[in-house]
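Undergrad: Listed below are the residues making up each chain.
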Amino acid sequence: MKIFSTAKEAIEKLESNQTIMVGGFGLIGAPLTLIDELTQKDVSGLTIISNNLGEKGKGLGILVNQKKVKKGIGSYFTSNRDVGDAYQRGELELELLPQGTLAESIRAGGAGIGGYYTNTGVGTELSVGKEEKEINGVKYIFEPALTANVALVRAWKADTLGNLVYYKTARNFNPMMATAADYVIAEVDEIVQPGELSPEEIITPHLFVNGIVKAAKILTKDGVKSIG
Amino acid sequence: MKIFSTAKEAIEKLESNQTIMVGGFGLIGAPLTLIDELTQKDVSGLTIISNNLGEKGKGLGILVNQKKVKKGIGSYFTSNRDVGDAYQRGELELELLPQGTLAESIRAGGAGIGGYYTNTGVGTELSVGKEEKEINGVKYIFEPALTANVALVRAWKADTLGNLVYYKTARNFNPMMATAADYVIAEVDEIVQPGELSPEEIITPHLFVNGIVKAAKILTKDGVKSIG
Amino acid sequence: MQNLIAKRAAQELKSGSVVNLGIGIPTLVANHIADGDIFFHTENGLLGVTDVNEADIDPNIVNAGKLPVGEAIGASYFNSAESFAMIRGQHVDVAILGVLQVDAKGLIANWAVPGKNIMGVGGAMDLLTGAKKIIVTMSHTSKDDTSKILKECTYPITSTRSVNLIITELAVFEVRNGELYCIEIMPNSSIEEIREKTKAPFKEDWHNNGGQAR
Amino acid sequence: MQNLIAKRAAQELKSGSVVNLGIGIPTLVANHIADGDIFFHTENGLLGVTDVNEADIDPNIVNAGKLPVGEAIGASYFNSAESFAMIRGQHVDVAILGVLQVDAKGLIANWAVPGKNIMGVGGAMDLLTGAKKIIVTMSHTSKDDTSKILKECTYPITSTRSVNLIITELAVFEVRNGELYCIEIMPNSSIEEIREKTKAPFKEDWHNNGGQAR
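Protein chains in written order, with the working numbering: chain A, 1206 to 1433; chain B, 1206 to 1433; chain C, -12 to 201; chain D, -12 to 201.
Take these hints with a grain of salt, some might be off.
What the hints assert, rightly or not - Which chain A residues face chain C? A few, computed with CB under 8 angstroms, are given here:
(1) 1230
(2) 1231
(3) 1282
(4) 1283
(5) 1354
Unchecked claim - Computed list of lysine-lysine pairs in DSS-like fashion (alpha-carbon distance at most 25 angstroms, straight line):
(6) C:53 - A:1261
(7) C:92 - A:1344
(8) C:1 - B:1218
(9) B:1344 - A:1338
(10) C:53 - A:1263
(11) B:1362 - D:53
(12) D:103 - B:1335
(13) B:1362 - B:1344
(14) B:1263 - D:53
(15) B:1426 - D:53
(16) B:1213 - B:1263
(17) B:1344 - A:1344
(18) C:53 - A:1426
(19) A:1218 - D:1
(20) A:1261 - C:103
(21) D:120 - B:1344
(22) D:103 - A:1207
(23) A:1362 - A:1426
(24) C:92 - C:184
(25) A:1263 - C:103
(26) A:1335 - B:1263
(27) B:1338 - A:1338
(28) D:103 - B:1275
(29) C:120 - B:1207
(30) A:1335 - B:1338
(31) B:1338 - D:119
What the hints assert, rightly or not - A few chain A residues that don't get close to chain B, going by computed Cβ distances all over 10 angstroms:
(32) 1219
(33) 1241
(34) 1286
(35) 1373
(36) 1430
In case anyone wonders, no lab produced these hints; they're calculated from the structure. By construction, the Cβ of each residue, glycine as well, lies at the ideal position given by its N, Cα and C atoms.
Produce the complete structure using the sequences and hints provided.
TA: The following block contains the structure:
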């Protein structure tokens, strides 16, 4: 576990053509500092696994406009029209998954599960080409696990071992993503000493985390602000 | 959500031939009061899903000796020799699962997943008769989800809505079991008012819980003691 | 009109229920709950959603529509996998959703429009599969005055499961064994208007609501 | 003897490692760790296992062997599904296990004896599948003096995966591409004794440990 002093250092190991999970539900719980740093890094051909690909010209949306993203895997690309446009122009591949399937597949990836059967999506356009199986009289479709080279997550507090706790609904996809990538970096508001987080309260035990860095961009009522 | 004043009331709805999940890893985190009450109830043909079937003449072990248990599904029956003996006599069916598979299958049951692929157990005696599938070059076996009619769980504190928190390693199988049964009763040390448990700390949100009751039997350094 | 629909939907919610509210009209349902014993779930990870005053807004506490909400007493937070495990594992009693179309069997379309750049499904399919009861709240017709209740959906369906109840500003329909039953005429509506603006066959059954209809 | 084996196993643990200790000799390994930077995981739901004094025993904090343990600073608790997700998802660096038998390919048997009433597997198969490195600690022979290192296991195997290292009171074997390499002779042992008491073919390779052997 490494404590990075800048986001730039934190994402030094990221490379072109990697698969990167990015936490957040819209801007809420998104690692805004790390995303911003990624827009400044010379990489391309990325596969991004994230609920959405930012908003128009914001967050992951910048990466899309920079054509650094080869493929997006998520549940809701609607909120950024640029994503749909890039897709129509054939510049961007998209894989649309029900939100619960996205969350569950990431969890499966982190838990060493190869794939699982869900009844969400059965008989819809999103099940086309997916293996069907009947279990106890119910129809299910197969969904493979998702894993990544890197996960960029947003937490509230970390201790110096790398244990993480999250803040309110900013928790969302972050805890699963922290389990499902080879290299996990968490952007946090506060770094505390081991023992300051209650052992019963820790959501992401440190064995999942490779690096932490303090957030330099935070979400406020009035939008994203730079701090420190 | 109902607050029961006695364990007897709490298990009133339990019937013969039901499938019952029982929390705990040995005596740790086991709902000792509810189990004790179950030994006094006139039921038979039960399927018990629990990591182990108690110890010789203790806890679920009494149920086994009373011949109330038709089948046990768990990972470690070794610690109660009576279980092996009843099995050899043909009085008890057993389904042995790796501990991780047991835990994961219960979670799957609570999450609406039909089943999943794990590589644990592949090529061993415990995979005999199980469907095999290769995913990305790795061999997996199919494991179906586990669900139950009733779950008896042990928590530390409940609020009057039914939100639960657990104590240390007494957490073990309890949170998953609380999600995977139609009727969930939690035995707790303490019942507090809503708002007294931190929203970030609640492990089992109240929507999973049907009833709570205060523990009358607790595990101490010197063994199980009756209180109150 | 929206509040009329939301108010009617609120009447369906039994004390102690766990209810997931979709975006749009469904969000308004919470304003019409008299009793505090209804628990609102939002799929981004909160059980115990309440209103929030402008002054108390926390940008990190939002609902599925990414709008700021408050935290009720006894609320709890959880991650997205756990949240959808609740939905998909049938632990949510009622989901109230908006739709683009609903058909004669009670199947709905609410996530995609052919030829349009809408590429989001969010939690719609999960809710359709997992919630014990599905209530649709919607305007009876779309902006161009065409019926949203059709013989068959022309947009991609959200699930092969029928919804349970459909509430519009004109009528309330129940889906029974894959057939629509008009069970209520809403205030200022008439059976003639309902017949005119509903492009799916439906039966009429008023026996449960006295003289309210016809 | 047990401590000798445990001490040797402890030398394998790199700073920062997450280590799962099995029942028996593996439990002793923790006593031989000089540096505090090794994190012990127990599959019943605790990362950060430490020793506990008799006076501080809490009956609800136990390890996989149901023995009382302590909670390290920075420890965390989690449920069994999360704990095995850590193991099966390859987030545990090293598992140290006892075995009944190990064969010429490094396959082990440690959960069942044919004809005996042992009907427990616990977390053995999960650890074999998921831990990045598997170290076996065991007595070289069983009570009746027969070798526990055999050409082929006669008991049911725990996994089709070979272990990485085998430490007995007589020798240390490394498993390389499904073959045993004796890489170290333990104190008070000899290559003759190892050859005599090992019923599986093995190669000898001492190049990594200077004059220690032979």
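Undergrad: All hints are to be evaluated individually against the structure, with a verdict given for each.
TA: Verification of the supplied hints:
Against a cut-off of 8 angstroms between C-beta atoms, the interface hint on residue 1230 (chain A) holds, since the closest Cβ of chain C lies about 5 angstroms away. For residue 1231 (chain A), the suggested interface contact is upheld, since its CB lies about 5 angstroms from the closest CB of chain C, less than 8 angstroms. Of the supplied interface hints, the one on residue 1282 (chain A) holds, with its beta-carbon coming within about 4 angstroms of a beta-carbon of chain C, less than 8 angstroms. Taking 8 angstroms as the C-beta contact cut-off toward chain C, the hint placing residue 1283 (chain A) at the interface holds, the least distance being around 3 angstroms.
A distance limit of 8 angstroms between C-beta atoms decides the matter here; for residue 1354 (chain A) the minimum to chain C is near 21 angstroms, and the interface restraint is violated. Pair hint residue 53 (chain C) plus residue 1261 (chain A) holds up; C-alpha atoms about 16 angstroms apart against a cutoff of 25 angstroms. Using a Cα cut-off of 25 angstroms, the hinted pair residue 92 (chain C) and residue 1344 (chain A) holds, with the two alpha carbons roughly 19 angstroms apart. Between residue 1 (chain C) and residue 1218 (chain B) the CA atoms are separated by roughly 23 angstroms; this keeps the pair inside 25 angstroms, and the hint holds.
Pair hint residue 1344 (chain B) plus residue 1338 (chain A) holds up; C-alpha atoms about 19 angstroms apart against a cutoff of 25 angstroms. For the proposed pair residue 53 (chain C) and residue 1263 (chain A), the alpha carbon gap of about 16 angstroms is at most 25 angstroms, so the pair holds. Among the hinted pairs, residue 1362 (chain B) with residue 53 (chain D) is consistent with the structure: their alpha-carbon atoms are about 23 angstroms apart, no more than 25 angstroms. A C-alpha spacing of about 24 angstroms is found between residue 103 (chain D) and residue 1335 (chain B), which places the hinted pair at or below 25 angstroms, so the restraint holds.
Between residue 1362 (chain B) and residue 1344 (chain B) the alpha-carbon distance is near 42 angstroms, which puts this suggested pair outside the 25 angstroms criterion. Between residue 1263 (chain B) and residue 53 (chain D) the CA atoms are separated by roughly 16 angstroms; this keeps the pair inside 25 angstroms, and the hint holds. Annotation: proposed proximity of residue 1426 (chain B) to residue 53 (chain D) holds, straight-line Cα distance about 12 angstroms (limit 25 angstroms). With a C-alpha separation of about 19 angstroms, the suggested pair residue 1213 (chain B) and residue 1263 (chain B) falls inside the 25 angstroms cut-off, and the hint holds.
For the given pair, residue 1344 (chain B) sits about 24 angstroms from residue 1344 (chain A) by alpha-carbon distance, which is consistent with the 25 angstroms threshold. Pair hint residue 53 (chain C) plus residue 1426 (chain A) holds up; C-alpha atoms about 12 angstroms apart against a cutoff of 25 angstroms. Restraint check for residue 1218 (chain A) and residue 1 (chain D): the C-alpha separation of about 23 angstroms stays at or below 25 angstroms, so the hint holds. Restraint check for residue 1261 (chain A) and residue 103 (chain C): the C-alpha separation of about 17 angstroms stays at or below 25 angstroms, so the hint holds.
At most 25 angstroms may separate the alpha-carbon atoms for a hinted pair to count; residue 120 (chain D) and residue 1344 (chain B) meet this at roughly 19 angstroms. Restraint check for residue 103 (chain D) and residue 1207 (chain A): not satisfied, since their Cα atoms lie roughly 49 angstroms apart, outside the 25 angstroms limit. Of the pairs offered as hints, the one joining residue 1362 (chain A) and residue 1426 (chain A) holds, with about 20 angstroms between alpha carbons and a cut-off of 25 angstroms not exceeded. Between the alpha carbons of residue 92 (chain C) and residue 184 (chain C) the distance comes to roughly 17 angstroms, so the proposed pair stays at or under 25 angstroms and holds.
A hinted pair counts as satisfied when its Cα atoms are at most 25 angstroms apart, and residue 1263 (chain A) with residue 103 (chain C) qualifies at roughly 22 angstroms. With a C-alpha separation of about 48 angstroms, the suggested pairing of residue 1335 (chain A) with residue 1263 (chain B) is violated against the 25 angstroms cut-off. Between the alpha carbons of residue 1338 (chain B) and residue 1338 (chain A) the distance comes to roughly 13 angstroms, so the proposed pair stays at or under 25 angstroms and holds. Distance hint between residue 103 (chain D) and residue 1275 (chain B) is fulfilled; the C-alpha atoms sit about 22 angstroms from each other, no more than 25 angstroms.
Pair hint residue 120 (chain C) plus residue 1207 (chain B) holds up; C-alpha atoms about 22 angstroms apart against a cutoff of 25 angstroms. Straight-line distance between C-alpha atoms of residue 1335 (chain A) and residue 1338 (chain B) comes to about 15 angstroms, which keeps the hinted pair within the 25 angstroms bound. A C-alpha spacing of about 22 angstroms is found between residue 1338 (chain B) and residue 119 (chain D), which places the hinted pair at or below 25 angstroms, so the restraint holds. No beta-carbon of chain B comes within 10 angstroms of the beta-carbon of residue 1219 (chain A); the shortest separation is about 23 angstroms.
The claim that residue 1241 (chain A) is not at the interface with chain B holds, since no C-beta of that chain comes within 10 angstroms of its own (minimum 27 angstroms). Residue placement check: residue 1286 (chain A) keeps its beta carbon more than 10 angstroms from all beta carbons of chain B (closest about 33 angstroms). Not every Cβ of chain B is farther than 10 angstroms from the Cβ of residue 1373 (chain A); the closest lies at roughly 7 angstroms, contradicting the non-interface assignment. Non-interface status of residue 1430 (chain A) relative to chain B is upheld: no Cβ of that chain comes within 10 angstroms, the nearest being about 24 angstroms off.
Hints 5, 13, 22, 26 and 35, counting from the list given before, are not met by this structure.
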